[in-house]
Amino acid sequence: DLSNILPTALFECTQIPKAELVTRVSYGDDDFEELSPDDLRLCLEASDELASWSYWIRTLLIDDIMWDDTDCGSSNECRLARYELLRSLATDDICKFMFHSTNPLLIMVHIAMDTAEEEEINLCTACQVSYRLKEEGERQKVWKSLGSLFGVPNWPGEN
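According to my numbering, the stretch in the sequence shown is residues 18 to 176, in order.
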């Protein structure tokens, strides 16, 4: 059923490197597959939009406005810890592949909390819980927006 396959196919299309996306794929001697110009445009536009969402979610750690509502008892210390954690995630050889991913549905909070523990970066419990909730909330917003982004009616979870 195309309505079940299409959302996944379109999302996966946005995760293919652009240079590969515009290349024709050969099957056998004379058989080629390539995206139509409309499908290519849709994938490229959606890819850029999802990359923006992804970078927004990754930077939640340092967006002070997003942290105004936490019950943090040591806001200055946690603020500095969030910056240090972001730096570690962006530069660590193991984490940076995932951190720089353009997939906004990728769950980073577990990696972030593991990294904080390993590098002894101390975020208070309130900030850890808040980060988990903020990341999940943003990922849910992305999921709900995919239907309109891809032009797929009746997207699961869409308003």
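Bear in mind the hints are in silico, worked out from the structure with no lab data behind them.
All C-beta atoms, glycine included, are put in the ideal place defined by N, C-alpha and C.
There's no promise every hint is true.
[Claimed, not checked] Lysine-lysine pairs mimicking DSS-like chemistry, simulated, CA-CA at most 25 Å apart: (1) Lys-113 x Lys-158; (2) Lys-161 x Lys-151; (3) Lys-113 x Lys-151; (4) Lys-35 x Lys-151.
[To be verified] Beta-carbon label-pair distances, calculated as ranges: (5) Glu-137 x Asp-56: 47 to 57 Å; (6) Lys-113 x Leu-61: 20 to 30 Å; (7) Lys-161 x Phe-114: 47 to 57 Å; (8) Val-169 x Asp-80: 29 to 39 Å; (9) Asp-109 x Ala-26: 48 to 58 Å; (10) Asp-88 x Val-169: 22 to 32 Å; (11) Phe-49 x Glu-29: 37 to 47 Å; (12) Ile-128 x Asp-46: 38 to 48 Å; (13) Ser-165 x Leu-123: 32 to 42 Å; (14) Glu-66 x Lys-113: 16 to 26 Å; (15) Asp-109 x Ser-43: 37 to 47 Å; (16) Pro-24 x Asp-46: 30 to 40 Å; (17) Phe-49 x Asp-110: 45 to 55 Å; (18) Lys-35 x Asn-93: 40 to 50 Å.
Evaluated hints:
1. Of the supplied pair hints, the one linking Lys-113 and Lys-158 holds, its CA atoms being roughly 24 Å apart against a limit of 25 Å.
2. Distance hint between Lys-161 and Lys-151 is fulfilled; the C-alpha atoms sit about 15 Å from each other, no more than 25 Å.
3. Distance check on the hinted pair: Lys-113 and Lys-151 sit about 21 Å apart at the alpha-carbon level, within 25 Å; holds.
4. Taken as a hint, the Lys-35 and Lys-151 pair is broken in the structure, with Cα atoms around 30 Å apart against an allowance of 25 Å.
5. Range check, Glu-137 to Asp-56: Cβ separation about 48 Å, and the 47 to 57 Å hint holds.
6. A hinted range of 20 to 30 Å for the beta carbons of Lys-113 and Leu-61 is consistent with their spacing of about 24 Å.
7. The supplied range of 47 to 57 Å is broken by Lys-161 and Phe-114, whose beta-carbon atoms lie about 27 Å from each other.
8. At roughly 30 Å, the beta carbons of Val-169 and Asp-80 sit within the given window of 29 to 39 Å.
9. Distance hint check: the CB atoms of Asp-109 and Ala-26 are about 32 Å apart, inconsistent with the given range 48 to 58 Å.
10. About 39 Å separates the C-beta atoms of Asp-88 and Val-169, a value inconsistent with the hinted range of 22 to 32 Å.
11. Taking 37 to 47 Å as the suggested C-beta distance range, the pair Phe-49 and Glu-29 does not conform, at roughly 20 Å.
12. For Ile-128 paired with Asp-46, a C-beta distance near 45 Å keeps the hint of 38 to 48 Å intact.
13. A hinted range of 32 to 42 Å for the beta carbons of Ser-165 and Leu-123 is inconsistent with their spacing of about 21 Å.
14. Taking 16 to 26 Å as the suggested C-beta distance range, the pair Glu-66 and Lys-113 conforms, at roughly 23 Å.
15. Checked against the hint of 37 to 47 Å, the pair Asp-109 and Ser-43 passes, with Cβ atoms roughly 39 Å apart.
16. For the pair Pro-24 and Asp-46, the beta carbons lie near 33 Å from each other, so the given range of 30 to 40 Å is met.
17. At roughly 38 Å, the beta-carbon separation of Phe-49 and Asp-110 lies outside the given 45 to 55 Å, and the hint is violated.
18. Against the hinted window of 40 to 50 Å, the Cβ-Cβ separation of Lys-35 and Asn-93 comes to about 42 Å, which satisfies the hint.
Hints 4, 7, 9, 10, 11, 13 and 17 from the earlier list are contradicted by this structure; the remaining hints agree with it.
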